[in-house]
Amino acid sequence: MPRISPKTSERLAKILLWGAGFLTVLILAAIVIYVLVNGVSEINWEFLTTPPIGGLSGEGGISTIIVTTVYLILITIFILTPVGIGAAIYLSEYAQDNILTNFIRYAVETLAGVPSIIYGLFGYALFVSALYLGHSLIAGALTLVCLLLPTMIRTTEEALRAVPQEYREASLALGATRWQTIWHVALPAALPGIATAIILSTGRVIEETACLYVTLGGSAAMPRSILSGGRTLALHVYYLAMDTMAFDKAMATAAVLIIIIVIINLFTNWLSQRFRSAYTAMEEGRP
Amino acid sequence: MKLIEVTNRDNGPASNATKIKVRGLNLYYGVFQALRDINLDIIEKSITAIIGPSGCGKSSFLRVFNRMNDLIPSAKTEGMIELDGESIYARGCDVVELRKRVGMVFQKPNPFPMSVFDNVAFGPRRHGNHNKSELEEIVERSLIRAALWDETKDKLHQSALSLSGGQQQRLCIARVLAVQPEVILMDEPCSALDPIATMKIEDLMRNLAQEYTIVIVTHNMQQAARVSDRTAFFFMSEDRAGILVEEGPTTEIFTNPKDKRTEDYVTGRFG
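For the protein sequence lines, the chains are L and Y, in the order given.
Heads up: the first sequence at position 211 corresponds to 225 in the numbering used here, and the numbers run straight through without jumps.
Heads up: the second sequence at position 105 corresponds to 132 in the numbering used here, and the numbers run straight through without jumps.
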């Protein structure tokens, strides 16, 4: 094997790494540009505010789809947040390290890696069938809660663990109870991290299709209660692309979806940046 | 042999009443014994300094008095510790009540990431006081008492983290005073501060000793000599458990120690 001079290997590494980075950006840009170019022209006020005609026609807008997506986000986050934060508080503030908590952590880690269609099957068996909820917003939301809980717990626990122990000691030494210390000191300090977890979960609700396909159903009608079925944007893209000839409408819906996801990611970045600067200020004792 | 100069105080401790009485204290962290058979009386309204080399259990000893060692699951305390004649490790003892009476100032200034006002009002609020004018009065009184009012009265609603290190530590003292404790524990309160900030805290401590019983852990022997009325010298036994070698009026410990180990330590031969 010929020897390569340090200078050449340095240059080679630079080119290869740069290439890898460039490829990543290229793929992302290709998807976004492809969807936007094909979809944006179809997006107008009418498209956003009229309901789809449904069936196999693929005609009409996406108003009911947007409403269903918003409902599903609200219901999911409403259930997910208290349960996720509660479990994270238990793990980081109350539980001592023992076999049980190690097992809980192991379960959380493993659950985070299970494919979403498995959650879908589970949600279908439990919520749709056994609990007679049918294909409905609540069945879809509960399934999403199961899917998102592991990430929510882990992110919140990490945010709580990042709160300096000195704050808790100071609070307890002033005669505050353990719960007061959590509520008034630990949680406010961890709030930006928790907010990030909630927003990321919102993003997952918007993106998810597989587990909703079997629990939310596919009705294009306006949902009337939490027991109504429906379609999210991502599901609508799937139905339009698979069942109808309206590929242009699918692209337009996908464009809306991508725009929302980009906005959510920008917002998350902004929040975690704020979190980081607030945290370093605490560490250095300077704003 | 040059000994550290000790500040002479004519008006030493106001009384000789015992505030905290420790008898036969043993402290364990799991199988490791951190303190062995400590007997000590803390005199009311005076400053007791606890000195000794690193790792001899000084901070652990301080944390016995407000039961902060309870936070460590493996910690086990044996023996009798009485505050005003009542055992603080008795079964019915309310830890929250105890910590209201026995406040603590930590090594590193640790104000909460909140405003100056909210920091001082934290304790009273947690104990159920939400009356705005009462809180304002408590905050002002505590900041004045901690010699911080003049520097902070115009920025009560700014972040406490914008204060300097010394100011932050005085804020932590004000935060403790707002709860109206009887005893204040200080765990190397000046180790993170510059000499001028240290001097201010020491002046403040002398001032507070007229009303409060203060126990201070310090690495700085000059500081112990300057501020304390009584000094307790801790040392490590062979198995690394902390023991109390000798205790007495600060003047005596520094000028006429009874134990050879105390003499070696205060003359700077080791530690």
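Honestly, the hints are just simulated from the structure, not real lab data.
A few of these clues could be false.
As a list, the in silico EDC-like pairs of lysine to aspartate or glutamate whose alpha-carbon atoms are at most 20 Å apart [to be verified]:
#, chain 1, residue 1, chain 2, residue 2
1, Y, 127, L, 183
2, Y, 135, L, 183
3, Y, 127, L, 180
4, Y, 72, Y, 214
5, Y, 103, L, 111
6, Y, 135, L, 180
7, Y, 227, Y, 238
8, Y, 103, L, 262
A quick look at each hint next to the structure:
| no. | hint | result |
| --- | --- | --- |
| 1 | Y:127 - L:183 | holds, 14 Å |
| 2 | Y:135 - L:183 | holds, 12 Å |
| 3 | Y:127 - L:180 | holds, 18 Å |
| 4 | Y:72 - Y:214 | holds, 18 Å |
| 5 | Y:103 - L:111 | holds, 18 Å |
| 6 | Y:135 - L:180 | holds, 8 Å |
| 7 | Y:227 - Y:238 | holds, 18 Å |
| 8 | Y:103 - L:262 | violated, 71 Å |
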